[in-house]
Amino acid sequence: MVKDYVKKPKVMAKDVNLYYGDFHALKGITLSMEENTVVALIGPSGCGKSTFLRCFNRMNDLIPSTRITGYVMVDGKDINDRSMNVDELRKNIGMVFQKPNPFPKSIFENVAYGLRVNGVKEAKFIEERVERSLKQSALWEEVKDKLKKSAFELSGGQQQRLCIARALAIEPSVLLMDEPASALDPISTAKIEELIYELKNQYTIIIVTHNMQQAGRVSDKTAFFYMGELIECDDTKTMFTNPKHTRTQNYITGRFG
Amino acid sequence: MMDSGKIHRRKQASQNFVFTLFTLMSASIVLVLFVILGFIVIRGLPAISWDFLTKMPEDGMTKGGIYPAIIGTFCLMLGSMIFAFPIGIMSGIYVHEYTKDGILKRFMKAMTNNLAGIPSIVFGLFGMSLFVNDLHFGDSILAGSLTLGLLVLPVVIRTTEESLKAIDNSFRVGSYALGATKLQTIRKVVLPMSLPNIITGLILSIGRISGETAPILFTVAAYFLPKLPHSIFDQVMALPYHLYVISTSGTNIVESRKMAYGTALVLVLIVLILNLLANVLRRYFGKKVKMN
Amino acid sequence: MKTSFQRFIEKFVEGLLFLSGTITSFAVILIVLFLFKEGWGLFNETPVEKGSVIALNKSNPVQELTAQQIKNIFDRKITNWKEVGGNKDSIIVFSVNDISNYYSDAELGDSLQFVPQRISELMGKKTGIIAFFPTEYISKNFQGRILAMKKVTLTGFIKDKEWFPTAQPAAQLGILPLILGTLWVSLVAILIALPFGLATAVYIAEIADARVGKILKPVIELLAGIPSVVYGFFGLIVIVPLVQKTFNLPVGETGLSGSLVLAIMALPTIITISEDAIRNTPRAMKEASLALGATHWQTIYKVIVPYSISGISAATILGIGRAMGETMAVLMVTGNAAIIPHSILVPMRTIPATIAAELGESAHGGLHYKALFALGCVLFVMTLVINLTVDLISARRKYSK
Ligand SMILES: Nc1ncnc2c1ncn2[C@@H]1O[C@H](COP(=O)(O)OP(=O)(O)OP(=O)(O)O)[C@@H](O)[C@H]1O
Ligand SMILES: [Mg+2]
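Residue numbers (the numbering used here), protein chains in the order written: chain A, 1 to 257; chain B, 1 to 292; chain C, 1 to 401.
None of these hints come from the bench; they were simulated from the model. From the three backbone atoms N, C-alpha and C, an ideal C-beta is built for every residue, glycine too. Hints are not guaranteed to be accurate.
What the hints assert, rightly or not - Distance condition first, Cα-Cα at most 30 Å in a straight line; then the derived DSS-like pairs of lysine-lysine:
1. A:Lys-149 <-> A:Lys-10
2. B:Lys-109 <-> C:Lys-88
3. B:Lys-182 <-> C:Lys-11
What the hints assert, rightly or not - Output of the computed footprint for chain C on chain A, the stretches with three or more beta carbons under 8 Å from beta carbons of chain C:
4. 39-48
5. 59-69
6. 164-172
What the hints assert, rightly or not - Okay, the calculated beta carbon distance ranges per label pair:
7. A:Asp-15 <-> B:Gly-102: 27 to 33 Å
8. B:Glu-162 <-> C:Lys-245: 41 to 47 Å
9. B:Met-193 <-> A:Asn-242: 23 to 29 Å
10. B:Ala-177 <-> A:Glu-229: 36 to 42 Å
11. C:Lys-245 <-> B:Asn-16: 33 to 39 Å
Just chain A, same shape as in the assembly:
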């Protein structure tokens, strides 16, 4: 209890504003989350969930003419600070995208990619890590005999789990997931959800989802976005049973959005 009290937030956004050119996409977002928790970001399409998610590994840098103010902190460090190494930050923050996007390489090389680009050379180490990551993402049994095959030969659900394994291989401490199951069938979705539940023990996870049941099943906390604003953020249970704002309630109960 005392321990909980002093626990520092793992990631934190403070008064974050983001502009795409003239368009004000995020409006003063403040949100923090502790280690080994899952936060779900929900809200109607275009409200800025992905944009917010991409603030944590500075993916928005890739889009010209974006501007960001406020602080985004990971492990107490301002990641937009000049002294921050972007690629080192990204190594520490894994990301899984909406659509599976494996590289045009073999299954093995897909998972090994993150290690190789970060300077790991020992073949044995890489092999072990690849196997462990594939086991973690519950894909090992299905692919262990065809690691040399192209990743494109896998099914959509398998590809997405491969992308998760790829992210896990470099042992990030935070995992960002942007609608990781939206392109998948129900069975694959269930597998991914199960996976998230297990990964929670080791990772801090932020997940964007359009699926209320999914948010309810996997997350500890839920944050509701609307038109670039964070309307409210609370324990998932509270949010779903007793939201403070009518907007949130309307959205959750499916009355709009």
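On the provided structure of chain A, position chains B and C with the ligands as indicated by the hints.
Below, chains B and C with the ligands alone, put in the same frame as chain A:
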């Protein structure tokens, strides 16, 4: 896991090195262009005068002007445009608007690609065999224009296709929804919208026609002919062939060097002006489209 | 609302458009037809020009001579019949002009009316003779034996090492040096152009900001627009002396000069097509790599380049095709020696340059003329193979996506 600071620095250093290298290599290409252009402009400018542009060549092409070659080249440009532009645009329209994705479209596209890949000298051989010999046009503007026209045909077709592709399908659907027929839609909606792009592409292709030598070598170009053509069955001098002749096999190569620089500059100027025009048009139309 | 007249117009225009649509297919077919019509005739010809014959003494057992052997005999490089499979007998070379060495003016007649008869006599007398003279000098009961000439063969055409299409008495029609010259010059050109082209494509598509890219685009367009004679002229005056000085050569007109000029000319093709391919890499793929902590450069060479490799190879192959077909620039700077090249620093001659340089001098329908058209066929086939390869690569690319 690893000494991440050191690895990071190494990664960053190699990126900096490669990006600097690539920047320099790209810059070197610009440099090459400027060296070529600068060389020709600086050496060519003193040769250019009103007389140079409007006089017949004299003294075994070491003095005088290049008037007949300029006129000849313009005749050839005009001739091949008359032949290639209408057919090429119509062909592009057919391939893009009328054929469905399938064997016919693939075949037509492959043939256009193949035609585009045929070396220009082969066009010269073909033009000589068909137009000059078999159809008895002789060495003439007609034979040369047809040969050159055939050469730019694929360029015209592709330009048209690309421009049509850029028009969003919703415009066509919208027009059909108002009860317009396919032809009306193409004429009233699709073509006007794609015309700026088509025109830009065509202007660039005219530049190509003006500079081609191999196809006119055996179909029209005269070595020395100090008079103007009277009909499309006449032979003419042409700028690129003239440059070739006076720089490699003229009666007096050293004496005609100045003429060669001047001719090269005129050729480059034609291309330069056409490219400039295309870019200005592109920008102008680009703005106009945005404003709407 | 639609009248039948309107419908007729619609159909009519569609028909017209269809006809225009077939024009390229039609053109390709015509080109093939005419090229091969003229070129194929070569293989019905003998290397001795029509109107002339080669004759031997009747007792000479030699039945056939190749064009190469005939040339060596008349060049006095072969001096004994033994060397070409005949009896041990030294060869006496005879052509019409030599007749006065054997007969006085009186014996030949005032208006040379006895020449055929004298030639016939000579043919009968000298066992080692080989004679080359116009057909009109064959007398009635000719005492020599007219040598049957083998027709030019396709394999000989492609494999023979000498190109002297106007050589007398027998034309040497071996295009191997021309094929090798073409390949050398264009492959070296691409080797030079590829690093620069790829670097620039990557630079424009990935590194440079949009403004710099907007400046580079017209530069490349202009580079593509400059006529090839102007490149040739520039090469002749700047690159040729430069190559000569740098490598301390007797002449600067070498394969390397051609390759350098061609490299500049091939750049636009390589750059635009590779840039296109690079830009087509899905953003998701790029983001995935960056999100794993890869630097931009690592992302480029580990993900973007492998992903766009088929486009890049298409660009390279097309560049080679362009270079192989380029005529004027090469003609002006490579020195045009039809010898089998052993280094890039010697004069070379390519197929298109040969056609451009010689067609004007060849007699319409003659042996040389047909040989040049056959050469055109070879060039056409070479570029066709290249185009088909590119088609195949891009079809594969579409399929795999
Ligand atoms: N690259 C961009 N340039 C300009 N505007 C953008 C860009 N990306 C997103 N936007 C805008 O920012 C807003 C937020 O976009 P974002 O992708 O974050 O929404 P989202 O909540 O993830 O929606 P969805 O649920 O559909 O994925 C949208 O209005 C969008 O139009
Ligand atoms: Mg989103």
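- List, from low to high, the hint numbers that the structure doesn't satisfy. 1, 2, 4, 7 and 9
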